[in-house]
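Trainee: Sequence:
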Amino acid sequence: MTENGTSLVRIVVDSALNSWTSLQLAIQHGMAGGNEAEKLSQLTEDLVFLCDTKAERHDFEETLEAVAFHDFNIIDEDGSFKDLANAILCCLLELETSLDSTSTITKHFPCAKKALADSKKDESQEEEMVEDEVALSEIVESTTIREEPIVDEDGFTLVQRRKKR
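Sequential numbering of the sequence shown, starting at 35, is according to my numbering.
Warning: the hint list may mix true and false statements.
Here are the simulated DSSO-like cross-link-like pairs (lysine-lysine), alpha carbons at most 27 Å apart as the crow flies [claimed, not checked]:
| # | residue 1 | residue 2 |
| --- | --- | --- |
| 1 | K73 | K88 |
| 2 | K116 | K73 |
| 3 | K141 | K116 |
| 4 | K116 | K88 |
| 5 | K141 | K88 |
It should be emphasised that the hints constitute simulated quantities derived from the structure, not laboratory data.
Sequences and hints are given; from them, build the entire structure.
Mentor: Following this line, the structure appears as structure tokens:
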């Protein structure tokens, strides 16, 4: 799969997990034992791998159920595993034939608008990062080193006013 296709798959998976209310509540309440970000990242990687290998729907359901139960203490009582797996696969199937990936993804996952906008800005952000690094280095060079406070013979520290810029 192309790099652009892989990034779209990652956006679909991230958006699906962000729209899954049970998972978001488990993360907010610390149900993963304190390392929620790491476990969520691993779940994302597992689902992206399943997408890349063109796994079947039951593989997605089993992965979601196993990880949710063992890592996030989520018990599926409402069929959300099946719904989420179905939503991911439907979105990916539509992406294969769609000319407009943004509208396809946002149709299934409205929360993906920001991620899609961010992915389109990646190239311009790389240029901005170089500019930011240059600006940061200029700021570091222009800042003065703070001098040690002056202490008089009685042990009091002399307070000095800052210069206005």
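Trainee: So, for every hint listed, does it hold in this structure?
Mentor: Outcome of the hint check:
1. K73 with K88: Holds, at about 23 Å.
2. K116 with K73: Between K116 and K73 the Cα gap is close to 20 Å, so the pair holds against 27 Å.
3. K141 with K116: 19 Å, holds
4. K116 with K88: Holds. K116 to K88 sits at ~17 Å (cutoff 27 Å).
5. K141 with K88: 22 Å, holds
Violated hints are absent here; each numbered hint is respected by the structure.
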